[in-house]
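**Q** Listed below, chain by chain, are the residues.
Number of protein chains: 2
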Amino acid sequence: MMKEITLQELNPTQFIREKVEEIKNIVGNGIAINALSGGVDSSVVTMLGHKALGKQLRTVFIENGLMRNGEAAQVTGLFQKLGVKVEVIDARQEFFEALKGITNPEEKREAITQTFYRHVFGRIVRESGAKFLLQGTILTDVDETVAGIKRQHNVFEQLGIDPQKTFGYRIIEPLIQLRKDGVRKVGKALGLPAELFERIPFPGPALSARVIGEVTPERIETVRQATVVVERVLKGSGAFQYLAILHEDRVTGMREGKRDFGQQIEIRCWESTDARTATPTRLTFVTLEQLAREIINAVPGVVSVTYNIASKPPSTIEAV
Amino acid sequence: MMKEITLQELNPTQFIREKVEEIKNIVGNGIAINALSGGVDSSVVTMLGHKALGKQLRTVFIENGLMRNGEAAQVTGLFQKLGVKVEVIDARQEFFEALKGITNPEEKREAITQTFYRHVFGRIVRESGAKFLLQGTILTDVDETVAGIKRQHNVFEQLGIDPQKTFGYRIIEPLIQLRKDGVRKVGKALGLPAELFERIPFPGPALSARVIGEVTPERIETVRQATVVVERVLKGSGAFQYLAILHEDRVTGMREGKRDFGQQIEIRCWESTDARTATPTRLTFVTLEQLAREIINAVPGVVSVTYNIASKPPSTIEAV
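Residue numbers (my numbering), protein chains in the order written: chain L, 1090 to 1409; chain E, 1090 to 1409.
Honestly, I wouldn't trust all of these hints.
The list cannot tell twin chains apart, which means a pair is met if one copy fits it or any two copies do.
Computed list of lysine-lysine pairs in DSS-like fashion (alpha-carbon distance at most 30 Å, straight line) [unchecked claim]:
1. 1347 x 1140
2. 1220 x 1108
3. 1347 x 1092
4. 1189 x 1347
5. 1189 x 1113
6. 1274 x 1108
7. 1324 x 1144
8. 1113 x 1324
The hints are simulated quantities; they were obtained by calculation from the structure and are not laboratory data.
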């Protein structure tokens, strides 16, 4: 396993210089490619790759239908301002078809991984002729996969699967020695705007990690609308991460005096420095009640809202 | 519909005298029977019936397997001290058999109603020769049934179903003009011990109303253990009602660094005067975190705990 660079040890200017050099040396005059999700990790990797390779780097944003409200436009717009061209690939249909009928979380992750790598991104990479894949894997991803917590879509190498053989390209992972706090520090030093490098973590499987049960366009839209409320209300909370989860369980509710057997949204808001351990943020009840009220008003079919009060461990940050 | 007696209008001594007279007049020298659940309503009815009828009243406690920890022993013990003999009927097997495979909340309620009335209690009543059934129906039960919110097991009369025809006996409902606060006041005046008349409301379908999905002895045991923690920790909260709900949804968790796909408990704690509207109690995070920690430690398989932050309406007090 790679040696960790702690936040104390990290000199961001030196780190950037070394990584840019390293990427240049590996890629030479070849072509590299990377997928930008808009999260901190992939944004930092995009900027490192852009600094190292300029036009030798092709950056794609894969619209999988599982992203947050307006995310594709927001992310590509921000990078455009930084002089980085991002290509948007519409792959919504492929992802929803792959997810159809799947309720098991492991199978969901697997369907997304397979669709992303083998089908969508794999096809783009094969057609592009790029031999080098830049990825934003961080140390926490590796830890969790080795411990068997989750299947991260970006850790084939650490699992002993040879990406050279499997997909025909080489993976470059410049952030593999950092944790989330270190990545943020590098992001700041790279001059990324606050709205990007301060973004709260967002998981690889995107909103599908926040739907318990089958992932359909309708159910994604429900959790997407709840996410809009949660992110707006908790933006100033200073919390490490906050999210909305759509439950599969139905609960009894009532509207206008009539029975309304409805849906439930769970809110999680975490205090953490590195995602390895986390505790629920002690939000005020004024905020909690505002969240519940606004979600019930804004999201059709939702009659109940809960707030997570368990810590990680034994909970995890995401529910799926 | 019966005219409401508000808390302000209620003179408990006069109310008791009138109801005792009324019950005596109706029953004459016949035999009456009632089912005591240990809740406020049925406890008050038991005492009114006992005052009116003495040995002409037969009081049974039906152990349906869905009650809280140690409930049968606790309730019968308390009434024994008051000179009221309560007969315990073990009907656990009949209830669990009736609930097998049912996940729909309406069907669950219906299975419990049918098992209770037609099979267990109906059989006891028919075999006892009693012609009079004392019931603890309160005004809120009637309201909610008329509005179609829930199927209360004790409102056949209000729904226009003639219990005379259906079950062959007459229902006497001395509390029908009161709401929960009025019943408590009458309970105090009847000399019921604090632990009884101050008990938090507990629904007719008991713990089965707190299990989303199929009701099995194992799942009831899980929510029962969580209920022990919730009732102990929130005993002094002064809240109107507090409860634990077992979700059917599974969420990702981890124990000892290993993945543990586990169960979730939802806690609800309500501020309310009459159960018609309610808001979540603004518990401290010290209490919320204690609840989560103790439930996770005490209840096998639970990895996640949430707290309800929605109000009624559109939520309801119970989840099923």
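**Q** Run every hint past the structure and note whether it holds.
**A** Each hint, compared with the structure:
{"no.": "1", "hint": "1347 x 1140", "result": "neither (60 Å within a copy, 39 Å between copies)"}
{"no.": "2", "hint": "1220 x 1108", "result": "within (18 Å within a copy, 88 Å between copies)"}
{"no.": "3", "hint": "1347 x 1092", "result": "between (60 Å within a copy, 23 Å between copies)"}
{"no.": "4", "hint": "1189 x 1347", "result": "between (33 Å within a copy, 28 Å between copies)"}
{"no.": "5", "hint": "1189 x 1113", "result": "neither (41 Å within a copy, 65 Å between copies)"}
{"no.": "6", "hint": "1274 x 1108", "result": "within (15 Å within a copy, 75 Å between copies)"}
{"no.": "7", "hint": "1324 x 1144", "result": "neither (35 Å within a copy, 66 Å between copies)"}
{"no.": "8", "hint": "1113 x 1324", "result": "neither (37 Å within a copy, 65 Å between copies)"}
Hint compliance for this structure: hints 1, 5, 7 and 8 are broken, all remaining hints hold.
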